[in-house]
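Going line by line, the protein sequences match chains A and B.
Numbering of the first sequence is given in the working numbering, commencing with residue 583 and proceeding in unit increments.
Numbering of the second sequence is given in the working numbering, commencing with residue 236 and proceeding in unit increments.
A portion of the hints provided could be inaccurate.
[Stated by the list, open to error] Residues on chain B that point at chain A, a partial pick, calculated with CB under 8 Å:
1) 247
2) 248
3) 251
4) 277
5) 278
6) 335
7) 337
8) 338
9) 347
[Stated by the list, open to error] A short list of chain A residues far from chain B (calculated; beta carbon distances all over 12 Å):
10) 588
11) 619
12) 624
13) 661
14) 676
15) 687
I should point out that these hints are in silico values taken from the structure, not numbers from a laboratory.
Backbone N, C-alpha and C fix where the C-beta goes; we use that ideal spot for every residue, glycine too.
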Amino acid sequence: DAGITQSPRHKVTETGTPVTLRCHQTENHRYMYWYRQDPGHGLRLIHYSYGVKDTDKGEVSDGYSVSRSKTEDFLLTLESATSSQTSVYFCAISERGTGVNYGYTFGSGTRLTVV
Amino acid sequence: DAKTTQPPSMDCAEGRAANLPCNHSTISGNEYVYWYRQIHSQGPQYIIHGLKNNETNEMASLIITEDRKSSTLILPHATLRDTAVYYCIVRAGGGGADGLTFGKGTHLIIQP
Numbered sequence: 583d584a585g586i587t588q589s590p591r592h593k594v595t596e597t598g599t600p601v602t603l604r605c606h607q608t609e610n611h612r613y614m615y616w617y618r619q620d621p622g623h624g625l626r627l628i629h630y631s632y633g634v635k636d637t638d639k640g641e642v643s644d645g646y647s648v649s650r651s652k653t654e655d656f657l658l659t660l661e662s663a664t665s666s667q668t669s670v671y672f673c674a675i676s677e678r679g680t681g682v683n684y685g686y687t688f689g690s691g692t693r694l695t696v697v
Numbered sequence: 236d237a238k239t240t241q242p243p244s245m246d247c248a249e250g251r252a253a254n255l256p257c258n259h260s261t262i263s264g265n266e267y268v269y270w271y272r273q274i275h276s277q278g279p280q281y282i283i284h285g286l287k288n289n290e291t292n293e294m295a296s297l298i299i300t301e302d303r304k305s306s307t308l309i310l311p312h313a314t315l316r317d318t319a320v321y322y323c324i325v326r327a328g329g330g331g332a333d334g335l336t337f338g339k340g341t342h343l344i345i346q347p
């Protein structure tokens with residue numbers, strides 16, 4: 583999607599290893615989000631950020647941490663990956679927290695497999 | 236955010252109008268209705284949103300009932316590329332930064 587890039591697109595990792603996913607935006611939007619999507623659960627919010635160094639937990643934050651040291655990058659870290667964290671991860675950005683005027687723009691996703 | 240109810244799946248013939256319903260009977264006065272769609276394996280895509288007036292853009296039209304308890308997303312001339320899961324989301328206009336809440340949505344299948 584224009585203005586938002588996720589990396590890597592695919593990753594296979596072993597249980598117990600740390601993993602970091604990156605979301606990079608070129609839109610200078612203040613708000614950034616990490617979601618995971620699993621069959622039967624739809625999209626669930628993991629963490630979000632409302633500014634540099636300002637982050638908060640979402641619905642399914644256990645086992646995940648995030649960092650935002652600059653406006654354009656939002657990192658999602660799995661400190662010790664587990665098989666239950668096998669999922670597709672989506673990053674999203676928004677100009678405003680409500681997204682009323684601009685909507686939310688989503689990245690193309692990262693498919694993570696923990697073996 | 237108010238809860239929404241959508242049919243799990245719908246079919247529509249290619250070239251015809253696709254009408255996707257959404258019930259949001261507990262919507263409050265400051266809550267907007269948003270529609271997103273997710274084509275297989277891609278990230279969700281914003282379609283349209285509205286408060287109480289009907290809205291139209293290049294992708295779709297949104298019809299909101301006068302009592303605001305339900306709405307309909309209309310894709311006027313559906314194509315095979317419109318096959319996707321469509322999410323109806325209700326969210327306060329002055330709400331916080333904590334993202335959108337997605338339900339199960341409606342899986343729209345466009346038949347050739």
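Against the structure, the hints come out as follows:
no. : hint : in the structure
1   : 247  : 22 Å, violated
2   : 248  : 27 Å, violated
3   : 251  : 27 Å, violated
4   : 277  : 6 Å, holds
5   : 278  : 3 Å, holds
6   : 335  : 6 Å, holds
7   : 337  : 4 Å, holds
8   : 338  : 6 Å, holds
9   : 347  : 26 Å, violated
10  : 588  : 9 Å, violated
11  : 619  : 9 Å, violated
12  : 624  : 5 Å, violated
13  : 661  : 22 Å, holds
14  : 676  : 8 Å, violated
15  : 687  : 7 Å, violated
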